[in-house]
Every structure is written in structure tokens, then in C-alpha cells.
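J.: These are the residues of each chain, in order.
Protein chains: 2
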Amino acid sequence: MKKEFTVTPWEVSGNVDYERLIKEFGVTLIDANMRYKLVKTHPLLRRGLYFSHRDFDLWLERAEKGKKISVITGRGPSDKMHIGHLVPFLVAKSLQEQFDCEVFIPISDDEKFYVKEEVTFEKVLAYAQDNILDIIALGFKRGKTYIFEDFVYTNIYTYAAQIAKRITYSTSKAVFGLKPEDNVGWSFYPAMQAAHILFPQFLRGKHLSVVPVAIDQDPFIRVTRDISTHKDFQFEKPAALHSKFMPSLDGGAKMSASDTTSKVIYLSDNLEEVKKKINKYAFSGGKDTIEDHRKHGGNPDIDVSFQYLRYLFEPDDQKLGKIESDYRSGKLLTSELKSILIEKIFLFLKEHQKRKEQAKRNVEKFILK
Amino acid sequence: MKKEFTVTPWEVSGNVDYERLIKEFGVTLIDANMRYKLVKTHPLLRRGLYFSHRDFDLWLERAEKGKKISVITGRGPSDKMHIGHLVPFLVAKSLQEQFDCEVFIPISDDEKFYVKEEVTFEKVLAYAQDNILDIIALGFKRGKTYIFEDFVYTNIYTYAAQIAKRITYSTSKAVFGLKPEDNVGWSFYPAMQAAHILFPQFLRGKHLSVVPVAIDQDPFIRVTRDISTHKDFQFEKPAALHSKFMPSLDGGAKMSASDTTSKVIYLSDNLEEVKKKINKYAFSGGKDTIEDHRKHGGNPDIDVSFQYLRYLFEPDDQKLGKIESDYRSGKLLTSELKSILIEKIFLFLKEHQKRKEQAKRNVEKFILK
Numbered sequence: 000m001k002k003e004f005t006v007t008p009w010e011v012s013g014n015v016d017y018e019r020l021i022k023e024f025g026v027t028l029i030d031a032n033m034r035y036k037l038v039k040t041h042p043l044l045r046r047g048l049y050f051s052h053r054d055f056d057l058w059l060e061r062a063e064k065g066k067k068i069s070v071i072t073g074r075g076p077s078d079k080m081h082i083g084h085l086v087p088f089l090v091a092k093s094l095q096e097q098f099d100c101e102v103f104i105p106i107s108d109d110e111k112f113y114v115k116e117e118v119t120f121e122k123v124l125a126y127a128q129d130n131i132l133d134i135i136a137l138g139f140k141r142g143k144t145y146i147f148e149d150f151v152y153t154n155i156y157t158y159a160a161q162i163a164k165r166i167t168y169s170t171s172k173a174v175f176g177l178k179p180e181d182n183v184g185w186s187f188y189p190a191m192q193a194a195h196i197l198f199p200q201f202l203r204g205k206h207l208s209v210v211p212v213a214i215d216q217d218p219f220i221r222v223t224r225d226i227s228t229h230k231d232f233q234f235e236k237p238a239a240l241h242s243k244f245m246p247s248l249d250g251g252a253k254m255s256a257s258d259t260t261s262k263v264i265y266l267s268d269n270l271e272e273v274k275k276k277i278n279k280y281a282f283s284g285g286k287d288t289i290e291d292h293r294k295h296g297g298n299p300d301i302d303v304s305f306q307y308l309r310y311l312f313e314p315d316d317q318k319l320g321k322i323e324s325d326y327r328s329g330k331l332l333t334s335e336l337k338s339i340l341i342e343k344i345f346l347f348l349k350e351h352q353k354r355k356e357q358a359k360r361n362v363e364k365f366i367l368k
Numbered sequence: 000m001k002k003e004f005t006v007t008p009w010e011v012s013g014n015v016d017y018e019r020l021i022k023e024f025g026v027t028l029i030d031a032n033m034r035y036k037l038v039k040t041h042p043l044l045r046r047g048l049y050f051s052h053r054d055f056d057l058w059l060e061r062a063e064k065g066k067k068i069s070v071i072t073g074r075g076p077s078d079k080m081h082i083g084h085l086v087p088f089l090v091a092k093s094l095q096e097q098f099d100c101e102v103f104i105p106i107s108d109d110e111k112f113y114v115k116e117e118v119t120f121e122k123v124l125a126y127a128q129d130n131i132l133d134i135i136a137l138g139f140k141r142g143k144t145y146i147f148e149d150f151v152y153t154n155i156y157t158y159a160a161q162i163a164k165r166i167t168y169s170t171s172k173a174v175f176g177l178k179p180e181d182n183v184g185w186s187f188y189p190a191m192q193a194a195h196i197l198f199p200q201f202l203r204g205k206h207l208s209v210v211p212v213a214i215d216q217d218p219f220i221r222v223t224r225d226i227s228t229h230k231d232f233q234f235e236k237p238a239a240l241h242s243k244f245m246p247s248l249d250g251g252a253k254m255s256a257s258d259t260t261s262k263v264i265y266l267s268d269n270l271e272e273v274k275k276k277i278n279k280y281a282f283s284g285g286k287d288t289i290e291d292h293r294k295h296g297g298n299p300d301i302d303v304s305f306q307y308l309r310y311l312f313e314p315d316d317q318k319l320g321k322i323e324s325d326y327r328s329g330k331l332l333t334s335e336l337k338s339i340l341i342e343k344i345f346l347f348l349k350e351h352q353k354r355k356e357q358a359k360r361n362v363e364k365f366i367l368k
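Quick note, the sequences are listed as chains A and V, same order.
Using numbering that gives the first Met the number 0, the first residue of the first sequence is number 0, and each one after it goes up by one.
Using numbering that gives the first Met the number 0, the first residue of the second sequence is number 0, and each one after it goes up by one.
Just so you know, the hints here were simulated from the structure itself, not pulled from any lab data.
All values reported here derive from a predicted model rather than from experimental measurement.
Errors might be hidden in some of the hints.
As the list claims (entries may be wrong) - Simulated crosslink set (DSS-like; lysine-lysine; CA at most 30 Å straight-line): (1) V/K205 to V/K330; (2) A/K205 to V/K205; (3) V/K279 to A/K368.
Said to hold, decoys possible - Covered by chain A, according to a simulated footprint, are these stretches of chain V (three or more residues, beta-carbon under 8 Å): (4) 41-49; (5) 108-116; (6) 170-177; (7) 180-188; (8) 290-297.
The C-beta atom is built at its ideal place from N, Cα and C for all residues, glycine as well.
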């Protein structure tokens, strides 16, 4: 009997069967041919955290032919950012580097304000400012990257309104799981989200834009694709790249904003915090005793530290391969694997925090107002 | 048996019993004391088209004490304007003249765009531009009057969002009669409308603002008053001034935007059009034959031409009194009454159209962007 699981934009639980999800959602597996074309991109793409897509083959074809293409991915600023939040941005940056395309980054301060009671208007603006610096620090190209915040670049309302006219409350309710007691900001937000996804086309005219997104967000993509070809717009259906869920430190199905501080590595963490969190909380695929581990080896497939190295912190395929085989054979202990990860994260965060400081001087060059 | 009637924001029908409405809505009749204070204001106010209120006594008190007060009234630009549309603006202008207060005029292009299928985004922007000129032409004070259009002054979205967080879909649905098949622009619009009404306080801080409005719009006022004191805002509950319905040319209960061209006098009409419409369509309180009229007299209370003179075009109380008694006695024929009205409307429109041309040069001085 298959274990039951749930994947909706507002709930992810159980042991996710991605094969079944592909069929249910009607999306396409990223195949060998596409992987070949992505061999130089970020590990997240070439090592399969991104596993399915809509029309991304077409996007790659257009890119190769020098046609206009773009990437769009955003952030809801309800807290400071952790390493899990980097996933779509690292992919976007990687696509920008390989294909020299424009990247559009909507900051949905309104969404987080509507959805989270405790997030005040002032707080969400402050989180947005902080998150924007983290995003710029990743190294997006100046003059090819546009960050816009709904409560600042309020002109986005004119695009959202045009879409809102074409989404009924029934549709919004069904796709987004709205309840009557939810506020009317939520009711409207699907239109705003579609406006984000179609923004590159509103701004630059009809072209193919790809949205890197976790698979649970695909219903939003579907609604937007349906609307995009309406006679009011006559846009291209946006493409999508779907990721599996990056596990939380303790091996939970999805790294979530509502996870407690102890389960996530913030981009602002220092070495001590990283050490403590990885050593204490990172779910291990190793055996209970050193003797047992040496004898039978560990399981990197379920080891969170290994997954973090694989998807985020060890871009070198040979080095990663050695870590994997050493861990599987028992030569590498869990504590040693964790030390490797801690060192990698520490170096990344040190550099990131420096670049975030520098970003304060450049922020205006990325912001639409 | 009382004749049944309906008064909701989306339907006005039957013979409206205003006495009963005052009780049902829980509003207050404008009393003799208030009328005395309004003796110099526009006929619409002093001759009773405006008949009830919420907290307008308090507003007048504050005005007399030199406290901060303001007026807010808006326009949904779905067509060119007719004389019925002038009602709240003439009242606002009159209050501004008497009390030297600021007037805020939201132009809800988004509302009309959401609600009317045939009104495209481009069309609603064009109507807004045209309507704004008509409004400025009425003679509002420069530097004390602020016109803002939702699709242009999109910063209004930040205020609407703060209110949206405090309106559930249930509330919106109940008060505004939303259906599941209505688009999500409608769902959100109540928040935008409350943002319009509270805008003077968002901009200038807590003070008492009055909204001149037809009585059917009172449910919007009620929702806004409820929200205004929420701890997020801590504003004053806005006051309201309620008007009865200005009859359409043929004597219908409410001059409506959906009336056919023949039933309304547009601000752009020329003399020939005015003549034709008044002579042909204006519902008469006169008798069927001249003989009968001379003998029994006409009924000014149901005569549309007389109502237009009373509320809009004959400010002189003595002159109006003479017209009324002459008509009631049979001395004045319907055709003569209509001629008086035609002349008055013609003079008004001639001046208005000239001032509208002049307004094109001053428009920037009234617009928030």
C-alpha cells in the first residue's frame, strides 16, 4: 500500500510520491536531453531537485535561438531569509548566467501582510528591505535584474486589476483554498500573483518566461497559464520549473517558514549557530554507533547534511561523489560529514554577509519604483 | 397597505419610503437646527434632497469651532457625466465654500473596470480623464482639493491593503451582494472604497470627514465606520450626508448610469439636445389639456422639470416660490415651465463647457500622483 501524501499550496505532508504527482498535475519530467543542456547550471538543476516542468523545453529552445526569454521568481517577506529560501533564486541566477536573460523578482509584501496576522504593515516593509539585500547579494546582473515590491512599486496594482477582472471568486476559492472568513486581501491576491508571473510580458511584450517554483505552487501556475492567453492579454503561457521540497534540518518534508528557529540556517547565522544547529538537529543517515557505521555504512539519500551538500554547497561533482561513496562505505562518519557541511556553510555565509553589506550601496540599481 | 420598495447599493426600485428607510438604516433626520446652519449652502442641502445623516451635526460643530474637518466624495468613471452626477460634488463644493475645508475626490476607475464587462482598461482611463475635467470645472478651490484616480495614484493600494486585512469575504459578500461568479476585483473593491473614505485621515491624521452620498450607498459607510476605529487605524468614524434619489427625466426612481441617453442631460449636451430631451421626455405634473391645466393647476411635487429647478438650477428662493405657486395655480403651463428649465440648463452648460476647457490647463494642480 502506498503511503498517503498531500501536496497543495497550503499543505505539504506525508511521503511525497513525485512520480504520481507528475501524473496528477499533468506536468513533464525533466528528461536526459534537457539535463544535458543544463549541465553547466546550478546543482539544484543538474542534480535533480528540480525534476519536472511545463514548457521549459520550449524555453531552452528559444534561448538557444537567441529569442527573447526571461525568468521570474519571487519572495514573500515574512521573516529573515534562510538557506532554503535561496533555492529558486540560485536557479534564476544560474539561468541568467548561462543565457544572459532578464530576471524579474516580485516581493509580495502584500501577500504576507494579508495572510499572517502578526505581520504588521511596518514589519512587512522592513522584512522586504532586508530580504531584498539578501537577494541582491546572490550576485544577479545589474541592469538585467528587476526587483519590485507590491507596496512600493504600486503600479503593479494596474496589472493585477486587469487580471482580477478575469478570475472569479469561485476559481480563486477552489484553486487557492480560500475560506469565507479569510480577508478580501486573500481573495484578490491570486490576481496579484498572476500579475507577478505575467509582469515580464506586461513590461516587455509577449515572450516566454519561466518560473522556478516548488511543485506545490503549480496550481498558481496553471491559473496564470489559463489567463495568459485571454484576449485581453494574448501573452505566452509562462513556463515552469518544479522543484521537490528541500528537507528541513530534521528531515521534515518541506523547509517551512513556520519551522522553529532551530530547524533552519538563517543567512544571518554565525559560525557558532551553524555548528550548533547542524550538529544538534541535522537528520543523519548514519548508524547509531561508530562501530555499526564503519561496518554497514551510512545512507546519504536520507541524510540531510548530504542533501544540503548535494543541492547547495558542493558544486564539484567529483568531490561530492567521493563524499557519497565514503559515507556509504562507512569510511566517513556522520560527525565528519557534518564538519564538511559546516565549513562549507560557514564560508558561504561569510561571503554572503559581506556581499549583503555591499548590496546596501547598490540596492537602488535593482529596484523598480 | 404600504407599497413595497427596495433600496440596496445594487438595486433601487419601487416607491421609496424615506421615513421607513431612516428607521431601518438607523440614520438621523437632518433637523431644523442643522438646516438653519446650512441656510447659505447649495439648494440640494437646504431644500432637502439631502435628508438624513450620520454625525453631520458633530461635523458642523467642529467646523464652527475651527477644528480640522474635510469632505470626501467620488466618482466611478464609466461614461461621460450627466447632471445627476453633479449632486454630491455640488454639495462638496458648497461645504468647501462655507467652511473653507479640504475636499478629497477619489476616481474609482478600478470599480467600474471590475463591474462593467464592456468597460476596457483603456476606456476607463479615458472616461476618468474626461470626468476629472468636469469635476474641476465646477470650481473647487485649488490647493484645497485633491483628485486621485486608483489606476494612477496607485499608492492608494497600500491603504486599501491595510483595510482589506480587516474585511472578511463573508462581510464583503453580505454587505455588497457579491456572488461567487463575480470577479475577485469586486471582492477586493470594498477595501478600496473604505480606503477612499478614510483617505483624508490616512493623509492628514485623525479628523472628521463627511461623505455626501445617496442613501442606497449607506451600507458602505457603515462598514467603513466599523473599520475606522480598529486598533490598526484608530481613526474617527466618518460622517455621512444622505440624499434621496434625483429622479430621471421620465420620473424614474433614480437617475441611473444605465438609463438610455434620452433620459439624461449630459454635461456635453448642446441647446438642441437639451430642448429635445426636456420637451420630449421630462415627466410633467401638468394636466393633459391647457384648459384643464388653467382650471386645476399642475403638481410641482411630481414634475421633473420643477424638481430640477428646485435642486439644481434655480437657487433664488423667491423666484422658485413664484414658479411653484404659478404652476400650482395653473398660471404657468408645462411648456412654459420647461422653457424656464431649458434656459437655465443651457446657461449652466454653456458656462460649464467653457470652464471644462479651461480646466485642461489647471488639471495638474488638482491631481495626486
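J.: For the pair supplied as a hint, V/K279 and A/K368, confirm whether the alpha-carbon distance does not exceed 30 Å.
T.: Roughly 54 Å separates the two Cα atoms, so the pair is violated.
J.: Three or more residues of the stretch 290-297 of chain V near chain A by CB distance under 8 Å?
T.: n = 0 at 8 Å, threshold three: violated.
J.: Tell me whether the statement that chain A covers the stretch 180-188 of chain V is true, taking a Cβ distance below 8 Å and needing three residues at minimum.
T.: Three-residue rule met by the stretch 180-188 of chain V, so holds; n is 8.
J.: Under a C-beta cut-off of less than 8 Å, do 3 or more residues of the stretch 108-116 of chain V approach chain A closely enough to confirm the stated coverage?
T.: Contact hint for the stretch 108-116 of chain V vs chain A: holds, 3 residues under 8 Å.
J.: With a cut-off of 30 Å on the C-alpha distance, tell me whether V/K205 and V/K330 pass.
T.: Violated. V/K205 to V/K330 sits at ~55 Å, over the 30 Å cutoff.
J.: Taking 8 Å as the Cβ threshold, is the statement that the stretch 41-49 of chain V is covered by chain A upheld or broken by the three-residue rule?
T.: Since three or more residues must qualify, the claim that chain A covers the stretch 41-49 of chain V is violated, with 0 doing so at under 8 Å.
J.: Please verify whether A/K205 and V/K205 have alpha carbons no more than 30 Å apart.
T.: Since the Cα atoms of A/K205 and V/K205 sit roughly 46 Å apart, the hinted pair is violated (cutoff 30 Å).
J.: Holds or violated: the stretch 170-177 of chain V covered by chain A, criterion of 3 or more residues with Cβ-Cβ distance under 8 Å?
T.: holds (count 3)
Checked against the numbered hints given earlier, the structure breaks hints 1, 2, 3, 4 and 8 and satisfies all the rest.
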